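Start from the sequences and build out the full structure, keeping to the hints where you can.
Take a look at the letters that make up each chain.
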Amino acid sequence: MSPHSLDPNVRVAYINARLLDPTTGLDGMGGVLTEGERIVEAQEGLFADSVPDDAKVIDCNGMCLAPGLVDMRVHMSGQNLNATGSAAVAGGITTAVCLPGTTPVIDDPTVVESVARSARKAGLVKVYPYGAITKGLKGQELAEMGMLAESGAVAFTDGNRAIENSRTMVQALSYSATFGLMLVEHPEDPTLAAGGVMTEGETATRLGLTGIPPEAEAIIVDRDIRLAKMTGGRLHFAHVSTAESVELIRRAKDTGLTVTCDTAPPYFALNETAVGDYRTFAKLSPPLRSEADREAIVAGLKDGAIDAIASDHCPMSEDLKRLPFADAANGGVGMETLLAVTLELVHNGHLSLLEALGLISTHPAELLGLPAGSLKAGSAADLVVFDPNVGWQVKDTVLHSKAKNTPFDGRPLQGRVLRTVIDGRTVFKIGS
Amino acid sequence: MSDTAFDSSVYPLPHLLGIEGLSPVDIALFLDRADQYVDKNRQRGMMLDTLKGRTIMNLFFENSTRTRTSFELAGKRLGAEVINMSVSTSSIKKGETLIDTAMTLNAMHPDVLVVRHGSSGAVKLLSEKVNCAVINAGDGRHEHPTQALLDALTIRRRRGQLDGLQVAICGDILHSRVARSNIHLLNTLGARVRLIAPKTLLPTDAELLGAEVFHDMKAGLKDCDVVMMLRLQTERMKTNFFPTVREYYHFYGLDNEKLSSAKPDALIMHPGPMNRGVEISSEVADDIGRSAIREQVEMGVAVRMACLEVLCNNLDRELLS
Chain A
1 MSPHSLDPNV
11 RVAYINARLL
21 DPTTGLDGMG
31 GVLTEGERIV
41 EAQEGLFADS
51 VPDDAKVIDC
61 NGMCLAPGLV
71 DMRVHMSGQN
81 LNATGSAAVA
91 GGITTAVCLP
101 GTTPVIDDPT
111 VVESVARSAR
121 KAGLVKVYPY
131 GAITKGLKGQ
141 ELAEMGMLAE
151 SGAVAFTDGN
161 RAIENSRTMV
171 QALSYSATFG
181 LMLVEHPEDP
191 TLAAGGVMTE
201 GETATRLGLT
211 GIPPEAEAII
221 VDRDIRLAKM
231 TGGRLHFAHV
241 STAESVELIR
251 RAKDTGLTVT
261 CDTAPPYFAL
271 NETAVGDYRT
281 FAKLSPPLRS
291 EADREAIVAG
301 LKDGAIDAIA
311 SDHCPMSEDL
321 KRLPFADAAN
331 GGVGMETLLA
341 VTLELVHNGH
351 LSLLEALGLI
361 STHPAELLGL
371 PAGSLKAGSA
381 ADLVVFDPNV
391 GWQVKDTVLH
401 SKAKNTPFDG
411 RPLQGRVLRT
421 VIDGRTVFKI
431 GS
Chain B
1001 MSDTAFDSSV
1011 YPLPHLLGIE
1021 GLSPVDIALF
1031 LDRADQYVDK
1041 NRQRGMMLDT
1051 LKGRTIMNLF
1061 FENSTRTRTS
1071 FELAGKRLGA
1081 EVINMSVSTS
1091 SIKKGETLID
1101 TAMTLNAMHP
1111 DVLVVRHGSS
1121 GAVKLLSEKV
1131 NCAVINAGDG
1141 RHEHPTQALL
1151 DALTIRRRRG
1161 QLDGLQVAIC
1171 GDILHSRVAR
1181 SNIHLLNTLG
1191 ARVRLIAPKT
1201 LLPTDAELLG
1211 AEVFHDMKAG
1221 LKDCDVVMML
1231 RLQTERMKTN
1241 FFPTVREYYH
1251 FYGLDNEKLS
1261 SAKPDALIMH
1271 PGPMNRGVEI
1281 SSEVADDIGR
1291 SAIREQVEMG
1301 VAVRMACLEV
1311 LCNNLDRELL
1321 S
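From first to last, the protein sequence lines stand for chains A and B. For the first sequence, the numbering used here begins at 1 and goes up steadily by one. For the second sequence, the numbering used here begins at 1001 and goes up steadily by one.
No lab work stands behind these hints, which were simulated from the structure alone. Watch out, some of these pointers could steer you wrong.
[Claimed, not checked] EDC-like mimics (lysine to aspartate or glutamate), calculated; alpha carbons at most 20 Å apart, straight line:
| id | chain 1 | residue 1 | chain 2 | residue 2 |
| --- | --- | --- | --- | --- |
| 1 | B | K1238 | A | D254 |
| 2 | B | K1238 | A | E164 |
| 3 | B | K1076 | B | D1039 |
Note that the structure is predicted; figures quoted are calculated from it, not measured.
As structure tokens, then:
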């Protein structure tokens, strides 16, 4: 039990809420009762007439109440777990999965334990760590995946590096399959992408920047689908960004192969033109792609070829972004915009509200086997209350994250987190 | 004839190149004969003249101490002349040179060539070029028939028969000729075979050889009668078959905890040499009640005596073309 845990007998009644549970398809007005760290009941019509007098009452005023968001791709550095945690809960995220590129790298069982311990101490978002596929993320020698898993690593990835050597990938897939664990691949052929700073095409040519061809992504997706089939390994692609890779994954799924993928908001809400006049906040890995690629990502989210959306939250100091474009670091913060940018897909009529919420809570939880993403009785009382319609503009002054490097800087969005609850305890409230 | 005489006419081949393809009768012939030598070998000063006048050449292209010594002793106990040829691996790498060596040795008219080679199929290739009997003492990751026979003799003497026994072979199956020979032999004699290893140390389609495959050691060992451990052949590995020895031992090292899921009287075997603390713990390797590891070495000499005798008797039957 964490030092922040509640009195196990405290009961809270969330009343007058639009309940949304992607696991059951529930979408209706009702209430939720929590006791200590657990959900006791979440039902349509609950507390419509009366409220238990032994419970603390939180009136949701007709706003949406859903399972807390599950973010399966977050870059964290060990030192600022508190800053990461406040950004997460401000974004309605109650569970975050930490990439292994921490200092030190999560390639040893003791580091898994220390990351989990610091997260518990921070007492905000629940943090689960990925383990490294290879020692030091160097792509050479396999990390101790079996023992990392026993210590709590939920899946394996080398973060923003693909496994370059095909033989090493075969061994990594075979070895992880031994323990029934999932590998998460960053699909980018490092030899083809070398030196590139944005997607290859007209914009790169006009700006005089070195391009990363979309083929760099498709090559690894294609190769790894074949290797997963050959080895029986469980494979997931992170942040797919091109039309061709979505199509390759869609076809692999059609043949019955268990292969999954996620994308991140920039890849369905922005395209290469966001780089504009050398905006380094729009320098991401993978790079922002063409409009046709963006449309293919939206289509993949609609038809299920893409399984989940992750923030790909990657805080960078100003020093690393206020540089000539080619020298600036990759990455953008994303946890506080994850919900609102995903809701654009709802406002634009591409997805239902339940479908959109499934992509950022239930699906990633299921992919990684995490106890999250549901309002069912007995689940952890991890909740988000949000207004799906209210407008706001992304600005450095409204972000809780210490780093402000968002590719959505200045964008008007619709949908805002009002309250975030973790294990029955309110950890974020608008205005707080 | 002496009391060692017997009818070997049922073994139909001039060589012993592998277990695959042998019938239960062929295998029983070697085992029955070897069984008789076990007791004889326990008598001090025992020396027979069964193979008097025969010449056996040990031709080892790979380093070996125990197998070579075992064959040498087997030949000498039967009264044969035994010559050891150690060929450095660097001088012989290509098929042509191997054949040249074979022709040269053949011109010296040995009766039996005992050959070990690092390449799968090399012993068969050599056997096609000589007109003496050839025994495969291990070729690459293909077969090691006398090891499988001595393992079978060890089990048969302890358990009476192999039929119906549940046998687990654990560890580096991928690089193991011992595993391949044992899978064939155990299946032929009616035992049920399980293979336990991480996927990286299992060959493709291992289950098609006639075995159940497990990655979880405790699940694989459940109710087993015999546990055969294999040595991690790090000299045959490049990289990434497993992350570290620490992790390997944690998941695949045989210790009392994992062994507790096998039958309480399960027999523990290892072809040697053992890496203690890598694939097997000392407490298990030295368990006098259950470990048959030293007995396997003893059976090895008896089995090799039987093989030499059977093949020498066959020399007069003009099986060689």
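Hints, verified against the model:
The hinted pair formed by K1238 (chain B) and D254 (chain A) fails the criterion: a straight-line CA distance of about 36 Å is larger than 20 Å. Distance check on the hinted pair: K1238 (chain B) and E164 (chain A) sit about 17 Å apart at the alpha-carbon level, within 20 Å; holds. A distance of roughly 17 Å separates the Cα atoms of K1076 (chain B) and D1039 (chain B); the hinted pair therefore holds under the 20 Å criterion.
Violated hint: 1 only; the structure is consistent with all others.
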